[in-house]
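Build out the structure end to end from the sequences listed, making use of the hints.
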Amino acid sequence: AQKVTQAQTEISVVEKEDVTLDCVYETRDTTYYLFWYKQPPSGELVFLIRRNSFDEQNEISGRYSWNFQKSTSSFNFTITASQVVDSAVYFCALSEDKGGSEKLVFGKGMKLTVNP
Amino acid sequence: NAGVTQTPKFRILKIGQSMTLQCTQDMNHNYMYWYRQDPGMGLKLIYYSVGAGITDKGEVPNGYNVSRSTTEDFPLRLELAAPSQTSVYFCASSYSGGFSYNEQFFGPGTRLTVL
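One line per chain: the protein sequences are A and B, in this order.
Residue 1 is where the first sequence starts when you use this note's numbering, and the numbers rise one by one after that.
Residue 1001 is where the second sequence starts when you use this note's numbering, and the numbers rise one by one after that.
These aren't lab readings, by the way, just hints derived from the structure by calculation.
Using N, Cα and C, we set each Cβ at its ideal position, and we do this for glycine too.
Worth double-checking, as some hints may not be accurate.
Residues on chain B that point at chain A, a partial pick, calculated with CB under 10 Å [stated by the list, open to error]:
| no. | residue |
| --- | --- |
| 1 | 1040 |
| 2 | 1041 |
| 3 | 1043 |
| 4 | 1058 |
| 5 | 1061 |
| 6 | 1104 |
| 7 | 1112 |
Below, computed lysine-lysine pairings styled on DSS-like, alpha-carbon distance capped at 30 Å [as the list claims (entries may be wrong)]:
| no. | chain 1 | residue 1 | chain 2 | residue 2 |
| --- | --- | --- | --- | --- |
| 8 | A | 111 | A | 38 |
| 9 | A | 16 | B | 1009 |
| 10 | A | 3 | A | 38 |
| 11 | B | 1009 | A | 70 |
| 12 | A | 70 | A | 108 |
| 13 | A | 38 | B | 1057 |
| 14 | A | 103 | B | 1044 |
| 15 | A | 111 | B | 1009 |
| 16 | B | 1057 | B | 1044 |
| 17 | B | 1014 | A | 3 |
| 18 | A | 103 | A | 3 |
| 19 | A | 70 | B | 1014 |
| 20 | A | 38 | A | 16 |
| 21 | A | 16 | A | 103 |
| 22 | B | 1009 | A | 103 |
| 23 | A | 103 | B | 1057 |
| 24 | B | 1057 | A | 3 |
| 25 | A | 3 | A | 111 |
| 26 | A | 108 | A | 38 |
| 27 | B | 1044 | A | 38 |
| 28 | B | 1009 | B | 1044 |
| 29 | A | 16 | B | 1014 |
| 30 | B | 1057 | A | 108 |
| 31 | A | 16 | B | 1057 |
| 32 | A | 70 | A | 111 |
| 33 | B | 1044 | A | 70 |
| 34 | A | 38 | A | 103 |
| 35 | A | 3 | A | 108 |
What follows is the structure in structure tokens.
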């Protein structure tokens, strides 16, 4: 069965600090997809990034970077030079490629508070 | 494009009442989903649909029903509301075109309280 674990429940940092959000997943499939979503205080979910299981290339996009390691089943997300607007709940999610279902399994989320 | 819209935004129900949560998307997505989010928890899939006329159960389907008569609409029906159904409900949609997997787009949510 699929499972996503976000061990951190809440982190508080001061603006301009770097922060890394951890995500560990479990799956028996060889083909799967990993996602990060952001949920700001307004409540909507915003897609941040997607990675498939064959793409371990890490990426930097502006202040965001991702570290995908299949060997440790981890998909960590880093915000560099955090800003108050980054305050939100961040969810890691997993989907197996079942050829038609593509259902997401979410972690419990990690609340990030960035203080000025 | 309005994206994914949900109505109502808030609702209070009494135990045993029924209601329908509406969800509409204008992106011509074939896949649609209903999730619930309980306080301090991640989202859990209730039902999903891969196209008009096709629906299937997710992780927590009990107490709910869905239908998908058109590509655009995917209403969620609560029969005999119970306090355990107090939650925030999110509708989402995505386009699935074979081997690629696209992100899901979420609606703003419906906050439901059952008293």
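Hints, verified against the model:
This hint holds: residue 1040 of chain B has a C-beta 7 Å from the nearest C-beta of chain A, less than the 10 Å allowed. The beta carbon of residue 1041 of chain B comes within 6 Å of a beta carbon in chain A, closer than 10 Å, and the hint placing it at the interface holds. Given the 10 Å rule on beta carbons, the hint for residue 1043 of chain B holds: about 5 Å separates it from the nearest Cβ of chain A. Residue-level restraint check for residue 1058 of chain B holds (minimum Cβ-Cβ distance to chain A is 6 Å; threshold 10 Å).
Taking 10 Å as the C-beta contact cut-off toward chain A, the hint placing residue 1061 of chain B at the interface is violated, the least distance being around 12 Å. With a least beta-carbon distance of about 7 Å to chain A, the hint placing residue 1104 of chain B at the interface is held under the 10 Å criterion. For the restraint placing residue 1112 of chain B at the interface with chain A, the shortest Cβ-Cβ distance is roughly 13 Å, beyond the 10 Å limit, so the hint is violated. At roughly 10 Å between alpha-carbon atoms, residue 111 of chain A and residue 38 of chain A fall within 30 Å of each other, so this suggested pair holds.
Pair hint residue 16 of chain A plus residue 1009 of chain B does not hold up; C-alpha atoms about 35 Å apart against a cutoff of 30 Å. The hinted pair formed by residue 3 of chain A and residue 38 of chain A meets the criterion: a straight-line CA distance of about 19 Å does not exceed 30 Å. Distance hint between residue 1009 of chain B and residue 70 of chain A is unfulfilled; the C-alpha atoms sit about 40 Å from each other, more than 30 Å. Using a Cα cut-off of 30 Å, the hinted pair residue 70 of chain A and residue 108 of chain A holds, with the two alpha carbons roughly 21 Å apart.
Taking the CA atoms of residue 38 of chain A and residue 1057 of chain B, the gap is about 25 Å. The hint holds against a cut of 30 Å. Under the criterion of a C-alpha separation no larger than 30 Å, the hint pairing residue 103 of chain A with residue 1044 of chain B is consistent with the structure, at around 10 Å. The hinted pair formed by residue 111 of chain A and residue 1009 of chain B meets the criterion: a straight-line CA distance of about 23 Å does not exceed 30 Å. Simply put, residue 1057 of chain B and residue 1044 of chain B have alpha-carbon atoms about 11 Å apart, close enough for the 30 Å limit, and the pair holds.
Using a Cα cut-off of 30 Å, the hinted pair residue 1014 of chain B and residue 3 of chain A is violated, with the two alpha carbons roughly 34 Å apart. Note on residue 103 of chain A and residue 3 of chain A: the hinted pairing holds, with a Cα-Cα distance of about 12 Å set against a maximum of 30 Å. At most 30 Å may separate the alpha-carbon atoms for a hinted pair to count; residue 70 of chain A and residue 1014 of chain B exceed this at roughly 48 Å. Pair hint residue 38 of chain A plus residue 16 of chain A holds up; C-alpha atoms about 19 Å apart against a cutoff of 30 Å.
Proximity of residue 16 of chain A to residue 103 of chain A is assessed by CA-CA distance (about 36 Å); at most 30 Å being required, the pair is judged violated. Only pairs whose Cα atoms come within 30 Å are accepted, and residue 1009 of chain B paired with residue 103 of chain A is accepted, the gap being roughly 24 Å. A distance of roughly 11 Å separates the Cα atoms of residue 103 of chain A and residue 1057 of chain B; the hinted pair therefore holds under the 30 Å criterion. Distance restraint check for residue 1057 of chain B and residue 3 of chain A: the Cα-Cα separation of roughly 18 Å lies within the 30 Å cut-off, and the hinted pair is therefore satisfied.
Between residue 3 of chain A and residue 111 of chain A the alpha-carbon distance is near 19 Å, which keeps this suggested pair within the 30 Å criterion. Of the pairs offered as hints, the one joining residue 108 of chain A and residue 38 of chain A holds, with about 12 Å between alpha carbons and a cut-off of 30 Å not exceeded. As the CA atoms of residue 1044 of chain B and residue 38 of chain A are separated by approximately 16 Å, the hinted pair is consistent with the 30 Å bound. Only pairs whose Cα atoms come within 30 Å are accepted, and residue 1009 of chain B paired with residue 1044 of chain B is accepted, the gap being roughly 19 Å.
Pair hint residue 16 of chain A plus residue 1014 of chain B does not hold up; C-alpha atoms about 47 Å apart against a cutoff of 30 Å. Distance hint between residue 1057 of chain B and residue 108 of chain A is fulfilled; the C-alpha atoms sit about 21 Å from each other, no more than 30 Å. Between residue 16 of chain A and residue 1057 of chain B, the direct Cα distance comes to roughly 44 Å. Violation of the 30 Å bound is thereby established for this hinted pair. About 25 Å separates the Cα atoms of residue 70 of chain A and residue 111 of chain A, which keeps this hinted pair within 30 Å; it holds.
With a C-alpha separation of about 25 Å, the suggested pair residue 1044 of chain B and residue 70 of chain A falls inside the 30 Å cut-off, and the hint holds. Taking the CA atoms of residue 38 of chain A and residue 103 of chain A, the gap is about 18 Å. The hint holds against a cut of 30 Å. Between residue 3 of chain A and residue 108 of chain A, the direct Cα distance comes to roughly 11 Å. Compliance with the 30 Å bound is thereby established for this hinted pair.
Hint compliance for this structure: hints 5, 7, 9, 11, 17, 19, 21, 29 and 31 are not met, and every other hint is.
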